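**Q** Each chain, written out:
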Amino acid sequence: MSNFYVHFPVISVMGLFLAAFLVEIFGSKNKYVRYIISLIACLAAAAMTFYLIVPVFLNGEVISYWMGAWAPEGGYAFGIGYEIDGLGLFFGLLTALTFLMSVIFSWRYMSRDGHLGHYYTLFLMLAGSVLGLVFTGDVFNLFIMIEIMTFASVALTAFRHKKHPEALEGAFKYLVLGSIGSSMTLLGVALLYLTTHTLNMAQITALISSQGMQPTTLLAFGTMLAGLAVKSFVVPFHTPAADAYATAPASVSTLFSGMVNKAGIYGIIRLTWILFRAMDKEALMLLLSILGALTMFIGVTMALAQHDFKRLLAFHSISQIGYVLMAVGLGTNLGLYGGLFHAMNHTLFKGLLFLTAGAVYYATGTTNLDKLGGLAKRMPYTTVCFLAGAFAISGIPPFNGFASKWIIYQAAYEKALLSGNIVYLIITVVALLVSVMTLASFIKVTSAVFFGQTPASLERTGEVPFSMQLPMFIMSALCLAAGLFYNKTVGIFVNPAVNAATDPAKYVDTMMGDGYAFSHGIAPQPVTFTSVSIWDPVFWLILFVIVTCAVTLVAMSGARERGPISLPEKTADDKHATFFGGEKSLHSHVGGSDLFWGFKKDLKGYFRVMDDLHSGRTNDYALWVVLGTALITLFTFIFMS
Amino acid sequence: MILINYIVAICLIALGLYVMCAKRELIKIVIGMGIMDYGINLLIVSIGFHEDATAPIYTLSDIINGNLPLFVDPIPQALTLTSIVIGACVDAMALSLVIMLKRRYDTTDADEIRRLKG
Chain A
4 MSNFYVHFPV ISVMGLFLAA FLVEIFGSKN KYVRYIISLI ACLAAAAMTF YLIVPVFLNG
64 EVISYWMGAW APEGGYAFGI GYEIDGLGLF FGLLTALTFL MSVIFSWRYM SRDGHLGHYY
124 TLFLMLAGSV LGLVFTGDVF NLFIMIEIMT FASVALTAFR HKKHPEALEG AFKYLVLGSI
184 GSSMTLLGVA LLYLTTHTLN MAQITALISS QGMQPTTLLA FGTMLAGLAV KSFVVPFHTP
244 AADAYATAPA SVSTLFSGMV NKAGIYGIIR LTWILFRAMD KEALMLLLSI LGALTMFIGV
304 TMALAQHDFK RLLAFHSISQ IGYVLMAVGL GTNLGLYGGL FHAMNHTLFK GLLFLTAGAV
364 YYATGTTNLD KLGGLAKRMP YTTVCFLAGA FAISGIPPFN GFASKWIIYQ AAYEKALLSG
424 NIVYLIITVV ALLVSVMTLA SFIKVTSAVF FGQTPASLER TGEVPFSMQL PMFIMSALCL
484 AAGLFYNKTV GIFVNPAVNA ATDPAKYVDT MMGDGYAFSH GIAPQPVTFT SVSIWDPVFW
544 LILFVIVTCA VTLVAMSGAR ERGPISLPEK TADDKHATFF GGEKSLHSHV GGSDLFWGFK
604 KDLKGYFRVM DDLHSGRTND YALWVVLGTA LITLFTFIFM S
Chain B
24 MILINYIVAI CLIALGLYVM CAKRELIKIV IGMGIMDYGI NLLIVSIGFH EDATAPIYTL
84 SDIINGNLPL FVDPIPQALT LTSIVIGACV DAMALSLVIM LKRRYDTTDA DEIRRLKG
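Going line by line, the protein sequences match chains A and B.
When we follow the working numbering, the leftmost residue of the first sequence carries the number 4, and every step to the right adds one.
When we follow the working numbering, the leftmost residue of the second sequence carries the number 24, and every step to the right adds one.
The hints are simulated quantities; they were obtained by calculation from the structure and are not laboratory data.
All values reported here derive from a predicted model rather than from experimental measurement.
Incorrect hints may appear among the rest.
Unchecked claim - Calculated pairs, DSSO-like style, for lysine-lysine (alpha carbon to alpha carbon, straight line, at most 27 Å):
#	chain 1	residue 1	chain 2	residue 2
1	A	K165	B	K51
2	B	K140	A	K166
3	A	K374	A	K32
4	A	K165	A	K32
5	B	K125	B	K46
6	A	K166	A	K32
7	A	K374	A	K166
8	A	K165	B	K140
9	A	K34	A	K165
10	B	K46	B	K140
11	A	K374	B	K140
12	A	K165	A	K374
13	B	K125	A	K166
14	A	K607	A	K374
15	B	K125	B	K51
16	B	K140	B	K125
17	A	K34	A	K166
18	A	K603	B	K140
19	B	K125	A	K165
20	A	K374	A	K603
21	B	K125	A	K607
22	A	K604	B	K140
Using the sequences provided together with the hints, build the complete structure.
**A** Listed below in structure tokens is the structure:
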């Protein structure tokens with residue numbers, strides 16, 4: 004018992020689970036009792052997680068904890084172990100911050116709902132499961148935590164089903180698709196056990212490193228990758244995310260985008276970078292980057308077509324996860340820096356944006372962009388916080404989104420130069436385009452919700468209470484701070500995580516005993532942190548050329564349609580008609596929520612296809628997941644063996 | 024014969040996935056989820072199986088002398104038990120959602136439960 008803090012991870016996870024049941028027992032009647040239990044559990048878990056910064060990030064330790072002191076015997080790990088390295092703690096911190104902000108926000112935001120005892124029970128289960136997921140060192144435990152996470156998420160999605168029956172639909176789709184994902188993960192875990200005869204992550208890392216990739220290992224890798232991709236809502240598995248985020252209460256949407264899909268990303272990084280050490284394979288890099296690029300493009304274009312505040316944010320969440328996956332999948336250290344930094348920033352700004360959406364819902368009772376407007380005067384603080392989040396997600400300096408996106412562009416471009424592969428160049432251009440479209444989409448939201456005319460029904464809207472403003476202020480301040488002091492942030496938080504991902508020798512040794520990693524062919528290879536420069540003029544110049552090319556490409560793409568102007572045929576919607584005059588056009592009003600109708604009109608072929616694909620049928624979505632899983636597994640088999 | 028276990032397991036998983044993709048009735052989709060779970064459970068329990076092996080009961084002297092009997096791996100069985108419990112919970116939750124969907128949408132046809140789309 005040398006260090007007291009080795010118990011912190013397990014106490015924080017157990018504390019959250021214990022509090023979940025205490026809330027159910029003691030808190031079903033009294034609102035103060037249940038809230039105080041929840042708040043104390045969340046505060047304690049967050050405080051313990053934040054305390055771990057000192058040993059893990061600053062002193063470079065790896066904390067290991069064997070449940071019931073079942074330490075490895077004779078080189079075989081029998082017990083269930085928790086192990087916290089830089090990567091795990093990095094995502095643990097994001098998780099802790101998210102549920103802490105959300106629980107503060109929930110006090111007033113959820114106060115008008117009934118059955119709040121169940122809400123806090125599920126809330127704490129979700130928080131505990133994600134924290135357990137990132138701290139665990141056992142693949143089966145990882146699966147259990149994924150299942151608890153899915154359960155709690157589904158139940159929380161359906162929480163407001165009395166007011167919004169769509170919530171049930173979103174929850175059901177999430178459950179069906181989520182269970183395919185979990186089953187695929189379990190299949191992978193079982194196959195992994197078949198080849199390595201252990202469930203401990205550290206030992207699996209060592210054994211796979213010494214055994215090499217066998218066909219069974221490859222199959223396990225493919226199914227686990229697909230299963231975790233379902234959990235992080237990567238295209239083509241993104242469909243339940245939009246439904247679930249949009250219909251869940253905003254405090255829960257914050258949890259979803261702040262930690263639930265981060266848990267999936269964490270799993271993917273753990274799987275590809277550490278467990279299988281597969282990030283030296285060109286094929287896998289290509290797969291992950293292309294999946295990421297597809298995710299960010301489809302996410303942002305779908306967001307442009309949305310008319311619901313939260314559904315729009317949900318598609319942006321998907322799109323930003325695409326950035327993270329693309330950057331992580333580049334396989335370079337710079338990409339990993341950018342990806343992890345962006346994951347952190349995404350938690351900050353997307354959590355903030357969902358909180359502002361919740362504040363708007365609390366004040367007005369709707370999130371429909373067509374019914375909102377002119378809230379800036381009535382909700383000034385919410386508006387300021389929303390603008391901070393919108394600037395951050397659109398990548399406007401000096402907010403954090405700019406810093407991380409800049410690193411990602413650099414990484415993608417560097418990768419294109421290094422590998423000479425044209426695909427990475429296209430991905431760089433796509434990344435830039437997506438950023439532009441994100442900005443466009445947020446201009447639309449800003450004008451539709453906070454500026455413009457106020458509908459008569461919203462005349463008496465007021466600002467939300469202080470306990471709801473507080474988490475928004477904290478998140479805005481963090482967004483700005485992470486952008487202003489990006490070098491410090493990257494140095495303190497991201498660097499240990501990158502080191503943990505690229506150099507698992509210490510991870511293995513701490514768990515299995517010194518020398519175990521080396522005897523299985525894992526040599527330590529520490530990464531030295533070189534300050535990531537944002538203002539490198541050469542990159543500026545090269546990027547300027549790329550941006551010019553991208554703009555030209557976009558400008559040219561519409562050119563062939565510019566023939567002689569003919570009078571358009573009669574359409575049902577007059578705002579799509581060419582305005583030559585006449586009285587009718589006066590009444591054809593383009594609202595703030597439809598600012599980019601011209602863009603949509605130009606690309607109506609694309610949007611029609613996308614609309615057909617997002618049909619809302621559970622079967623179609625299940626088919627997408629099955630096809631995606633099959634493709635990923637096939638790809639790993641053909642190109643990675 | 025252990026090979027037949029693996030074949031049946033994969034067939035069950037494929038069947039479950041097929042049901043989830045092809046059947047419009049929500050109850051059938053839930054059944055599909057169950058079938059897939061059973062397939063995976065069968066696979067896990069087969070992984071630990073050895074022919075002509077005993078239960079994993081041995082003493083310290085067996086380990087020291089190095090004459091451990093050939094025994095069935097107990098860990099996959101523990102995993103299967105956990106997985107069965109989780110599968111039952113998933114089914115229960117899915118069915119309760121179906122009941123509530125039936126009340127609110129007045130149908131259990133996946134084609135008609137699609138207010139969230141696009």
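**Q** Hint by hint, say whether it matches the structure.
**A** Evaluation of the provided hints:
Note on A/K165 and B/K51: the hinted pairing holds, with a Cα-Cα distance of about 25 Å set against a maximum of 27 Å. Distance check on the hinted pair: B/K140 and A/K166 sit about 19 Å apart at the alpha-carbon level, within 27 Å; holds. For the hint linking A/K374 to A/K32, the alpha-carbon distance of about 36 Å lies beyond 27 Å, and the restraint is violated. Restraint check: the Cα-Cα separation between A/K165 and A/K32 comes to about 20 Å, which is no more than 27 Å; the hinted pair holds.
In summary, the hint linking B/K125 to B/K46 is supported, as the alpha carbons are separated by about 17 Å, within the 27 Å threshold. A threshold of 27 Å between alpha carbons decides the hint, and for A/K166 with A/K32 the separation of about 22 Å falls inside it, so the pair holds. Using a Cα cut-off of 27 Å, the hinted pair A/K374 and A/K166 holds, with the two alpha carbons roughly 18 Å apart. Restraint check for A/K165 and B/K140: the C-alpha separation of about 20 Å stays at or below 27 Å, so the hint holds.
For the given pair, A/K34 sits about 20 Å from A/K165 by alpha-carbon distance, which is consistent with the 27 Å threshold. A hinted pair counts as satisfied when its Cα atoms are at most 27 Å apart, and B/K46 with B/K140 qualifies at roughly 19 Å. Between A/K374 and B/K140 the alpha-carbon distance is near 19 Å, which keeps this suggested pair within the 27 Å criterion. Pair hint A/K165 plus A/K374 holds up; C-alpha atoms about 21 Å apart against a cutoff of 27 Å.
Only pairs whose Cα atoms come within 27 Å are accepted, and B/K125 paired with A/K166 is accepted, the gap being roughly 16 Å. Taken as a hint, the A/K607 and A/K374 pair is honoured in the structure, with Cα atoms around 24 Å apart against an allowance of 27 Å. Taken as a hint, the B/K125 and B/K51 pair is honoured in the structure, with Cα atoms around 14 Å apart against an allowance of 27 Å. Our distance criterion of 27 Å between C-alpha atoms is met by B/K140 and B/K125, whose separation comes to about 19 Å.
Between A/K34 and A/K166 the CA atoms are separated by roughly 21 Å; this keeps the pair inside 27 Å, and the hint holds. The straight-line distance between the Cα atoms of A/K603 and B/K140 is roughly 17 Å, inside the 27 Å bound, and the hint therefore holds. Between the alpha carbons of B/K125 and A/K165 the distance comes to roughly 14 Å, so the proposed pair stays at or under 27 Å and holds. A hinted pair counts as satisfied when its Cα atoms are at most 27 Å apart, and A/K374 with A/K603 qualifies at roughly 21 Å.
As the CA atoms of B/K125 and A/K607 are separated by approximately 35 Å, the hinted pair breaks the 27 Å bound. The hinted pair formed by A/K604 and B/K140 meets the criterion: a straight-line CA distance of about 19 Å does not exceed 27 Å.
Hint compliance for this structure: hints 3 and 21 are broken, all remaining hints hold.
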